[in-house]
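Protein sequence lines, in the order shown, are assigned to chains A and B. Residue numbering for the first sequence follows the UniProt record's numbering, starting at 1 and increasing by one per position. Residue numbering for the second sequence follows the UniProt record's numbering, starting at 1 and increasing by one per position.
There's no promise every hint is true.
Note: identical chains are not told apart, hence a pair may lie in one copy or across any two.
[To be verified] Distance condition first, Cα-Cα at most 20 Å in a straight line; then the derived SDA-like pairs of lysine to any residue: (1) 301 - 150; (2) 301 - 256; (3) 301 - 86; (4) 338 - 88; (5) 338 - 265; (6) 338 - 38; (7) 301 - 349; (8) 338 - 273; (9) 338 - 228; (10) 301 - 66; (11) 338 - 450; (12) 338 - 236.
Read the hints as simulated data drawn from the structure, not as lab findings.
Protein chains: 2
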Amino acid sequence: MLSFNSTDAEYLDELAAYVAVPSVSRDATEETMRTAAEWLADQLSFAGGRVVATSGHPVVRGEWLGAPGAPTILVYGHYDVQPTGSEAEWRTPPFELTVDGDVIRGRGVTDDKGPVFIVLKVAQAFIAQEGALPLNVKFLFEGEEEIGSPHLPAYLREHADELAADLVISADGAMWRPTEPSLSIASKGLVTLDIEVTGANADLHSGRFGGTVANPLHALSEILAGLHTPDGRVAVEGFYDGIPELSDERRAAIAAVPFDEDGYRDGLGLGSVFGEAGYSTLERLWERPTLEVNGVTGGGKYTVIPHTARAHISCRLVPGQRPDAVLRAITDHVLDHKLTGVRVAVHPDEGGVPAYTIAPDHPAIRAARAALEHVYPGQDVLLAVIAGTLPATALFEEVLGAKTLFFSFSTADENLHAPNEFLRIPRLREGMRAWEQLWRLLADGPHRLAPVAGPGSRERSA
Amino acid sequence: MLSFNSTDAEYLDELAAYVAVPSVSRDATEETMRTAAEWLADQLSFAGGRVVATSGHPVVRGEWLGAPGAPTILVYGHYDVQPTGSEAEWRTPPFELTVDGDVIRGRGVTDDKGPVFIVLKVAQAFIAQEGALPLNVKFLFEGEEEIGSPHLPAYLREHADELAADLVISADGAMWRPTEPSLSIASKGLVTLDIEVTGANADLHSGRFGGTVANPLHALSEILAGLHTPDGRVAVEGFYDGIPELSDERRAAIAAVPFDEDGYRDGLGLGSVFGEAGYSTLERLWERPTLEVNGVTGGGKYTVIPHTARAHISCRLVPGQRPDAVLRAITDHVLDHKLTGVRVAVHPDEGGVPAYTIAPDHPAIRAARAALEHVYPGQDVLLAVIAGTLPATALFEEVLGAKTLFFSFSTADENLHAPNEFLRIPRLREGMRAWEQLWRLLADGPHRLAPVAGPGSRERSA
């Protein structure tokens with residue numbers, strides 16, 4: 001057993017320096033992104049850590065390959081973070097790691113800087129205390145996860161041989177909830193798009209022109225209201241195409257998961273939950289695709305008829321849905337609206353991601369379950385679904401031929417992508433012990449990861 | 001006849017200094033607002049011009065009362081301007097008066113700094129060239145017109161005696177279009193409100209919570225889409241209450257107005273006009289009330305379910321509608337929506353304004369028509385409606401017992417409240433000659449304004 005013998009304060013001081021870098025991939029400077037990447041590369045000095053330029057924000061690479069004959073894993077994570085949103089809603093400055101009782105707060109502490117920090121400390125402890133890792137480990141940290149990983153596909157394809165591995169372990173992702181350990185056996189896909197409605201050639205005075213021209217905000221509202229039926233189904237024809245019907249077995253398995261719907265509702269401050277008719281909250285979360293309007297802009301709080309109005313939309317996809325087909329269905333549905341006096345355009349974003357799954361009896365899931373049982377003795381490990389999207393997973397499967405295990409010590413209630421993002425401090429040490437176990441189990445014993453054919457074995461034999 | 005013997009360049013230099021003060025009543029500093037007010041007070045030095053504190057932005061007052069026995073008028077205007085909106089959409093800096101061919105551009109040039117400048121130059125020319133004005137003139141310029149004149153009612157009531165007049169002449173308002181002179185015999189009223197939809201207690205990750213909670217933007221879209229029927233009528237029960245049916249006579253009069261609907265449509269860059277079914281564009285503009293969504297905000301271009309979404313709405317009212325009743329009807333309609341998992345609040349703004357009318361045969365309209373015929377020989381003077389709102393008019397009637405004549409040389413197509421606001425340069429001299437005529441005609445001759453009973457006469461005899 002490794003000894004994680006730094007004090008909490010020492011660990012948190014170190015993590016604080018990383019959180020202090022405002023590496024918001026959407027709008028940070030190149031220099032800021034590089035600062036975050038360099039912090040990571042320094043941490044990987046035992047593995048030849050380095051910052052590698054790409055067409056976008058750089059990636060951080062490293063590898064320790066001193067365990068011949070042992071399996072090879074690729075550890076994935078990201079150093080970029082979401083925008084802060086309204087800073088007024090933060091109780092503490094977003095880029096100052098702040099301890100508050102048994103949590104730490106700050107943008108990125110749980111998505112994904114804290115979870116990546118855990119694996120770094122585990123690897124460093126192995127090297128310091130045992131002089132070696134139990135298996136071969138490659139590291140790949142990207143800086144564009146929060147903007148849809150636009151340059152990762154090309155990078156992976158160009159470096160497929162170097163990155164070959166028997167398994168990808170993602171330090172991104174999240175445990176489903178704080179009450180018990182869980183593993184994710186699937187994640188949802190993602191497509192995003194904008195709808196833009198344009199009226200006159202300039203903003204118009206609502207008095208001098210009001211009532212005589214179509215108002216783009218009225219038209220946009222009608223379009224958006226038409227995306228769902230009143231009972232919460234997505235009204236877009238073809239949206240659900242390809243999705244297998246939810247089996248009685250899966251329904252029963254989900255129904256057996258202890259889930260306090262009242263607590264979920266109250267925790268969000270809601271009077272009631274809401275979603276697609278005919279499904280429970282957990283079924284909606286794990287098994288059903290969604291279409292959410294994320295943002296609407298147009299005009300302002302003054303007497304204007306804006307000449308343009310815009311909505312941003314994202315859909316989370318489940319297995320069976322094809323990203324391109326979903327985008328086409330939405331585009332057709334939107335353009336089908338008969339609207340007078342406005343022009344409507346749909347702008348699909350590139351980089352659609354299909355849903356991803358890993359079999360519950362995959363050796364990686366079996367090893368991960370054992371590692372969690374070791375750290376959380378006496379607790380059942382839930383098999384859950386990440387309703388969020390990790391775009392890299394489908395890519396890893398396609399390009400490296402490797403499945404991805406989500407092994408994050410983030411928890412889904414920790415205000416990811418929202419103000420006041422936080423991480424439970426005990427998760428740091430729990431995570432370290434779990435990663436240690438996971439690596440040992442994958443390297444040896446009944447859950448040993450069998451090297452698979454493909455570029456992974458090719459490189460190891462080179 | 002007065003001689004307006006400054007060059008255009010001299011006039012424009014002077015006006016440029018006034019336009020350079022960014023007196024945006026919504027968000028300018030107290031000092032900026034005072035700077036604009038002081039510029040006006042200096043221009044009124046012949047009339048004891050002064051800046052007078054109120055509970056809000058100051059007013060500018062002045063009076064020249066050297067024409068005993070002649071009628072007394074109160075000249076009204078405002079020195080505040082609208083926000084610039086997106087500065088990227090301005091072709092020239094908004095607070096730099098820029099000459100571009102036969103127009104000048106800049107925030108406030110046409111609403112209302114240019115039109116107020118005209119009357120200042122006329123009064124100064126009378127004093128310089130004739131040593132007197134033809135009638136008694138009081139001046140009242142406010143700094144809060146663009147935010148609904150919140151402090152004007154109290155100020156007027158407290159100073160009703162000092163401000164008493166036989167007629168108010170507003171330098172605010174606008175000619176309907178550039179092709180012929182026009183006078184306004186009515187203006188629409190105004191009520192404004194916000195609709196706020198709240199969901200969870202924080203913004204949520206659209207993956208981790210999507211599909212299980214109501215999205216405030218979906219709910220708001222449904223509410224907004226429900227405010228109109230597909231044929232352009234306002235769907236709010238009671239909205240049209242109290243409005244007399246449009247008479248055949250009025251319909252015929254409007255139909256007789258030369259109006260190039262194709263040109264109107266093309267000028268706005270639209271494929272077609274749109275509005276309430278059963279009415280022509282001019283009827284919609286002049287005779288029918290409107291409900292317009294001016295702005296929507298919520299979330300952003302990232303994968304979030306915003307916890308709140310908000311819309312700003314304004315309604316233009318016609319005679320017969322009561323502002324309070326309209327706000328109540330909208331509130332009831334909005335709160336009637338059955339929506340699960342969100343809270344809906346309606347926030348009506350204070351300061352609702354009813355519609356305003358002045359009889360076509362009122363002496364002020366007759367004199368104004370004659371003045372315009374003098375300046376625009378051979379052209380018919382159209383009697384039109386200001387589809388916009390001048391909140392002060394109803395107040396002047398209530399508090400001073402005086403009707404208001406709109407006499408502005410702004411034109412409604414000059415991007416009021418929008419980027420690239422402009423004013424036609426010839427309007428400046430046309431306006432000066434027209435105001436000169438108007439004052440002479442009101443003072444003497446067949447259109448002489450008869451002093452009316454009320455506070456006006458009280459003060460003149462004091």
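Consistency of the hints with the structure:
| no. | hint | in the structure |
| --- | --- | --- |
| 1 | 301 - 150 | between (35 Å within a copy, 16 Å between copies) |
| 2 | 301 - 256 | neither (49 Å within a copy, 37 Å between copies) |
| 3 | 301 - 86 | both (18 Å within a copy, 13 Å between copies) |
| 4 | 338 - 88 | neither (40 Å within a copy, 31 Å between copies) |
| 5 | 338 - 265 | between (38 Å within a copy, 19 Å between copies) |
| 6 | 338 - 38 | neither (53 Å within a copy, 53 Å between copies) |
| 7 | 301 - 349 | between (29 Å within a copy, 11 Å between copies) |
| 8 | 338 - 273 | between (33 Å within a copy, 14 Å between copies) |
| 9 | 338 - 228 | both (17 Å within a copy, 15 Å between copies) |
| 10 | 301 - 66 | neither (63 Å within a copy, 44 Å between copies) |
| 11 | 338 - 450 | neither (58 Å within a copy, 56 Å between copies) |
| 12 | 338 - 236 | within (15 Å within a copy, 22 Å between copies) |
In this structure, the hints that do not hold are numbers 2, 4, 6, 10 and 11, in rising order.
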